[in-house]
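Chemist: Read in order, the letters of the sequence shown are residues 2 to 469 in the working numbering.
Don't read these hints as lab results, they were simulated from the structure. The beta carbon of each residue, even a glycine, is placed where N, CA and C say it ideally should be. Check the hints yourself; a few may be wrong.
Unchecked claim - Here are the simulated EDC-like pairs of lysine to aspartate or glutamate, each with C-alpha atoms no more than 16 Å apart in a straight line: (1) 190 - 319; (2) 467 - 281; (3) 467 - 287; (4) 147 - 179; (5) 250 - 149; (6) 467 - 284; (7) 76 - 87; (8) 98 - 452; (9) 338 - 396; (10) 436 - 452; (11) 12 - 365; (12) 98 - 281; (13) 415 - 319; (14) 90 - 71.
As the list claims (entries may be wrong) - FRET-style restraints, in silico, Cβ to Cβ: (15) 452 - 270: 26 to 32 Å; (16) 130 - 202: 20 to 26 Å; (17) 320 - 106: 31 to 37 Å; (18) 231 - 251: 20 to 26 Å.
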Amino acid sequence: MRVYNTISKRKEEFIPLEEGKVKMYVCGPTVYNFIHIGNARPMIVFDTVRRYMEYRGYEVNYVSNFTDVDDKIIKKAIEEGVSAQEISKRYIEECKKDMEMMNVKPATTHPLATEEIGGMLEMIGQLIDKGYAYEVNGTVYFRTRKFEGYGKLSHKNLDDLRSGNRSLLVSGEDEKEDPLDFVLWKPKKEGEPAWASPWSEGRPGWHIECSVMSRKYLGEQIDIHAGGEDLVFPHHENEIAQSEACNGKEFAKYWLHNAFLNIDNRKMSKSLGNFFTVREISEKYDLQVLRFFMLSAHYRSPLNFSVELMEASKNSLERIVTAAENLKHLMGTAADKGMTESEFAHYEATEEFVKKFEEAMDDDFNTADAIAAVFELVKYLNTHTGAENTREYLEKCLERLKTLCDILGLAAEKKEELLEGDIEVLIEERQQARKAKNFARADEIRELLLEKGIILEDTREGVKWKRA
Numbered sequence: 002m003r004v005y006n007t008i009s010k011r012k013e014e015f016i017p018l019e020e021g022k023v024k025m026y027v028c029g030p031t032v033y034n035f036i037h038i039g040n041a042r043p044m045i046v047f048d049t050v051r052r053y054m055e056y057r058g059y060e061v062n063y064v065s066n067f068t069d070v071d072d073k074i075i076k077k078a079i080e081e082g083v084s085a086q087e088i089s090k091r092y093i094e095e096c097k098k099d100m101e102m103m104n105v106k107p108a109t110t111h112p113l114a115t116e117e118i119g120g121m122l123e124m125i126g127q128l129i130d131k132g133y134a135y136e137v138n139g140t141v142y143f144r145t146r147k148f149e150g151y152g153k154l155s156h157k158n159l160d161d162l163r164s165g166n167r168s169l170l171v172s173g174e175d176e177k178e179d180p181l182d183f184v185l186w187k188p189k190k191e192g193e194p195a196w197a198s199p200w201s202e203g204r205p206g207w208h209i210e211c212s213v214m215s216r217k218y219l220g221e222q223i224d225i226h227a228g229g230e231d232l233v234f235p236h237h238e239n240e241i242a243q244s245e246a247c248n249g250k251e252f253a254k255y256w257l258h259n260a261f262l263n264i265d266n267r268k269m270s271k272s273l274g275n276f277f278t279v280r281e282i283s284e285k286y287d288l289q290v291l292r293f294f295m296l297s298a299h300y301r302s303p304l305n306f307s308v309e310l311m312e313a314s315k316n317s318l319e320r321i322v323t324a325a326e327n328l329k330h331l332m333g334t335a336a337d338k339g340m341t342e343s344e345f346a347h348y349e350a351t352e353e354f355v356k357k358f359e360e361a362m363d364d365d366f367n368t369a370d371a372i373a374a375v376f377e378l379v380k381y382l383n384t385h386t387g388a389e390n391t392r393e394y395l396e397k398c399l400e401r402l403k404t405l406c407d408i409l410g411l412a413a414e415k416k417e418e419l420l421e422g423d424i425e426v427l428i429e430e431r432q433q434a435r436k437a438k439n440f441a442r443a444d445e446i447r448e449l450l451l452e453k454g455i456i457l458e459d460t461r462e463g464v465k466w467k468r469a
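Throw the hints in and build the complete structure from the sequences for me.
Modeler: Printed below as a string of structure tokens:
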């Protein structure tokens, strides 16, 4: 298996630190609103990497955090007149719902930054003791120039950063020994959540959070660190500096980064009116379609989101589902006996598509070519299965199709659709629950319907529903 390592700018043979085990850290979202489809790409991509690693027999310890203390969270809390904790808790739950609908497996651990403050204080203290950090008026800064390897991930030169690029500069630069030094701890402002520390009552800088959570749940050295390419600099660069300065050893062996997602060939932004949340997409499409779309290109290639491409993804996914449905239909009347000699030969021939699939995934997780192999298998199965086949042969063919789809996180079998009568019964139960102020049950019913592809809309005329 070969993976493209951002730090070396080339594909490398994947060799885990410990045989048969993979320690993987993926930077998660900052939870101040519903996640957008840009957030969804790394979630889907690296979930697929994890699934393939597990298919290959590795035991994967997969850690993905939630950043639950941040300026954006605080701003949202002030706007709504609630605590920052209430905002982060609400959107962590909403994010988990979206992840479930995208068939993203829960991480082995989903740490929260606010629950790991003790570890952050410890690491900052260690960096100060080693001379890599210093305190000024309650703010603790990292001495960027003291860390010799700074810039090795982003391939940026410190002197160039000093002269032209200001993306590392932060507030209070007049206090810093060097304009490139970055914040590890900052004093609180009025109305902000804060924690006691030896330097000031305040909160951690963003970068230290991931270094600490990675060390706690995976150890001082990990196999894979992953995230969107927007995190390469300064976030991941700063993580390397902190972790390696503190622990005295290489932080991560392999750095994987997915490319950006554009909307109709333009960068997604609220000002352009082309900003979509995953929840909004779920009202128009089953999120399996979004997952298929995300995997239809190589993760390191920029991906362009458009209605046309989503429709194409929907139709392509339908071809796979139809092939699986056809096999199940044939099994209903198939002779219940062992495979014939010719069936065994046909089944053996499908190994070729499994091999193509594995070769694609072994080549830096090329999901586009892996999907192409799935379609070759679909075409073969459509041609080489019929009413005359035995149940065993049809079952094995379906299992093979489902196995490959499952590695990609795609369900080959259709979700059972709710009948209209059942939907109306559940809506009525929800209405009764709301009248009784049993909002937990009302929300539970709404989520149950959403999982089945039913969107509810509360209007003045009553509750309206539609299929996604």
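Chemist: Confirm or reject each hint.
Modeler: Going down the list of hints, with the structure as the test:
1. For the proposed pair residue 190 and residue 319, the alpha carbon gap of about 53 Å is over 16 Å, so the pair is violated.
2. For the suggested pair residue 467 and residue 281, the alpha carbons sit about 14 Å apart, so the restraint of at most 16 Å is met.
3. Simply put, residue 467 and residue 287 have alpha-carbon atoms about 12 Å apart, close enough for the 16 Å limit, and the pair holds.
4. Taking the CA atoms of residue 147 and residue 179, the gap is about 11 Å. The hint holds against a cut of 16 Å.
5. A hinted pair counts as satisfied when its Cα atoms are at most 16 Å apart, and residue 250 with residue 149 qualifies at roughly 13 Å.
6. Between residue 467 and residue 284 the CA atoms are separated by roughly 9 Å; this keeps the pair inside 16 Å, and the hint holds.
7. Between residue 76 and residue 87 the alpha-carbon distance is near 13 Å, which keeps this suggested pair within the 16 Å criterion.
8. At most 16 Å may separate the alpha-carbon atoms for a hinted pair to count; residue 98 and residue 452 meet this at roughly 9 Å.
9. Restraint check: the Cα-Cα separation between residue 338 and residue 396 comes to about 12 Å, which is no more than 16 Å; the hinted pair holds.
10. As the CA atoms of residue 436 and residue 452 are separated by approximately 23 Å, the hinted pair breaks the 16 Å bound.
11. The suggested pairing of residue 12 with residue 365 holds, with an alpha-carbon distance near 7 Å, which does not exceed 16 Å.
12. A distance of roughly 13 Å separates the Cα atoms of residue 98 and residue 281; the hinted pair therefore holds under the 16 Å criterion.
13. Taking the CA atoms of residue 415 and residue 319, the gap is near 9 Å; set against the 16 Å cutoff, the hint holds.
14. Among the hinted pairs, residue 90 with residue 71 is consistent with the structure: their alpha-carbon atoms are about 13 Å apart, no more than 16 Å.
15. In this structure the supplied range 26 to 32 Å holds for residue 452 paired with residue 270, their Cβ-Cβ distance being about 31 Å.
16. Distance hint check: the CB atoms of residue 130 and residue 202 are about 22 Å apart, consistent with the given range 20 to 26 Å.
17. Between residue 320 and residue 106 the beta carbons are some 25 Å apart, a value that contradicts the proposed interval 31 to 37 Å.
18. Checked against the hint of 20 to 26 Å, the pair residue 231 and residue 251 passes, with Cβ atoms roughly 24 Å apart.
Going down the numbered hints, you'll see the structure goes against 1, 10, 17, while the others check out.
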